[in-house]
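Asks: Going down the list, the sequences are from chains A and B. Quick note on this note's numbering: the first sequence kicks off at 852 and runs consecutively. Quick note on this note's numbering: the second sequence kicks off at 5 and runs consecutively.
To be clear, the hints were calculated from the coordinates, so they are not data collected in a lab. Hints may be right or wrong, so weigh each one.
Computed footprint of chain A on chain B, listed as stretches where at least three residues anywhere in the stretch have a Cβ under 8 Å from a Cβ of chain A [stated by the list, open to error]:
no.: 1; region: 176 to 186
no.: 2; region: 365 to 375
The list that follows gives simulated cross-link-like pairs (lysine to aspartate or glutamate, EDC-like), each with its CA atoms no further than 16 Å apart [stated by the list, open to error]:
no.: 3; chain 1: A; residue 1: Lys1106; chain 2: B; residue 2: Glu286
no.: 4; chain 1: A; residue 1: Lys1093; chain 2: A; residue 2: Asp972
no.: 5; chain 1: B; residue 1: Lys140; chain 2: B; residue 2: Glu218
no.: 6; chain 1: B; residue 1: Lys287; chain 2: A; residue 2: Asp1202
no.: 7; chain 1: B; residue 1: Lys245; chain 2: B; residue 2: Asp52
no.: 8; chain 1: A; residue 1: Lys1259; chain 2: A; residue 2: Asp960
Beta carbons: idealized from backbone N, C-alpha and C, even for Gly.
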Amino acid sequence: MSMEQFQDRCPVVWPRAIIHMDMNAFFAAVEQRDFPELRGKPIAVTNGEVGSCIITSSYEARAHGIRTGMRLKEGRRRCPGLIQRPARPEVYARISMAIMQALRDVSPDIEVFSVDEAFLDVTRCQRLHGTPVRMARMVREKVAAVCGLPCSIGVSGDKTTAKFASKLVKPEGFTVIPPWEAQERLRDIPVTALCGIADGIGSFLAQHGALVCGDVGRLPVSVLARRFGNLGRRIWLMCQGKDPDRIHDETPPPKSLGHGKVLPPRTRGREVLLTYLRHMSEKVAARLRRHHLEAQTYFIGLRAGDGWIGDRLRTTQPTHHAPPLFALCRFVMENLWRGEPVCQVQITALDPRPWRQQLDLFAEQDEGNSQIDEVMDRINRCYGELTVAPARLLQRSTMPNVIAPAWKPEGHRQTI
Amino acid sequence: MKFTISKEMLVKPLQMICGIVERRQTLPILSNVHASVSGNRLTLIATDLEVQMSTHAEILNGSDGSVTIPARKFLDICRALPDEATIVLSADGGEKATIRSARSRFTLSTLPAEDFPCMEAPRDAIRFGIAQDTLKYAIEHTQFAMAQQDVRYYLNGLLMEMAGSVLRFVATDGHRLALCDLVVPEAEELEKFNENQQIIIPRKGVLELSRLLEESDAPVQVAVGNNFIQLKTDQIEFVSKLIDGRFPDYQNVVPVNSDKRIVCERDLLRQALARVSILSNEKFRGVRLEFSPGLLHVHAHNPEQEEAEEEVSIDYDGPNLEMGFNVNYVQDALAACETAQVQLMLSDPNSCCLIHALDDEQCRYIIMPMRL
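Put together the whole structure using the sequences plus the hints.
Replies: This is the structure:
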């Protein structure tokens, strides 16, 4: 009798039940679904036709050792038949939104972890839908019904173990680790196999003689707490299959809000850089406006070599208009940039807050023109981003937008 | 140079001036204090190039001369010596100064006294005298409203305006404003000022002044020059550069047409606000005030959807009015009013609120609302 069958016949209410759903090679799978000629072939998704970095690849490509983050050139060397496909972020976002919406039918307690991953807390649905394992099967069926794409599923009593379980078998895995078995199952697993423990924490644990999860539980919790604070306490519990972290279904108000772009190698034309900066100014300002925010402190950065040229700068008043932001960019260009070749630009609002919540005694006239912005926003909402834009942007880069890993179906993270 | 002094005589004046010595310096000499002996008088000077303070102390004996030594180390050493200690400092013009006291001995590095950037006291100044406690009162009742590191640099200070025999202090950060009027007895001198002449004293100097001025009616001599202000008491001389900028037209924002007058017990309101504020948004500090005849309803909630509500009896018979405020601004103003009852003047939810003590408009506080 398989584990699954056993679970269904002898339903035990789990004290806590978490399902982790992870889409398999999501962007590549979407391409293969929409273009049948790509099925069974090694494909690499890149940022537009010009992108040279592999965002994701199909399992056929992965068999040749292709990995996310690899340069296309290297990919072609390893797999001569590799097919490049430009990413279609809007399509991925739409499918992701539909999947997440469908999963809400299983449990309303859902944390969209990234564009292709979600945690569901099904603890409180056990009387309604049956065992966690049954609900995990519902998840798989919902995903298949909505988009016909493969996913891997992990079920356990906490987030970390559930994520670990979903990773065990790919593609189309289905792994159940009942909470009472979690500690035993993790015992001999290297600590760095858990989500959230990378090299830094890993080497700290190794120094204290803890290489696998079972070792960590034997360390006094204070050792981890002294070094990493609350995170340390969480890691100690995580390694024992008792990750206390709850499902975060709310999008907290943004701590910062920014846009950046990678430039063609060694860009050093003043006007070209200004156009990029204007482009990012428009994007940041429009996004602040869309979410009824304003900000006064901005990071304006040009990445040159290993470091950033730029600074945290403040506008006279909190704003959500592009012109004062672009004025800060000009300041950076004129005062801090000395003609170095630049490979990336970034503009980040560092103190976003609700728009005009605190009224000002000496409010000056709007630096940007509110009415123009409003009309522009309405047109662009109908016809697409930057349909109407400042003239300088006619020369803007055609580099397509990239979907951020932190993308969320709602709130300020719903942006490309 | 050499002097002998009792710890008791040295520590207090040294403490008074060390506050302005910045912990991190680009110019090394600014971490030093300038010490000079003339007769039986020791003069100590500290500066950050914006504010300069000097004090003096009586020495037991010594020889004339001057030197600069690290201010904080010098203070820490003197403070750590026993209370009855006698301190001997000697500097022979070399790179080191020696401090001796009983069985203790310290060697400190020095920098040449002639390199110390002393500010000249203003020459063509307008001078007047005022009681220390009066000036202290005005500063303490306005300084909390000064901006901190605002891009509008002229807000990072305290405005002093001379109009007839009235000396007016105004501080604002753009969201709220504090204003205090003083009547100066020696009005003849003040008349030499141009009509409504304004100066802005930088924030740091203002904070130092409020620390230094004492609760006594001993006079402080004020001299205002083109870009300096000097204040002199028996113990200390304070010179500050002025902020070269135009203060916003504050008179325009003092409300004159507020038609809704509310009188309430200050302590009751303060306590209610203190409790409600616990559950207001930690970052934005918004609270909602709902005024209705006889009753004020105070309400706050935070992002975790926790809520607080309070009711306070008030003297008001106008229409219902609902407004949001940053609770810190209201609390600061109420704390400064110092009378049993306060008066609030309002007009509409998008216009500012004027707060002052009941029947006393010497100090007035204006707060812009929040939209909640």
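Asks: Would you pick out the hints that fail for this structure and give their numbers low to high?
Replies: Every hint satisfied by this model.
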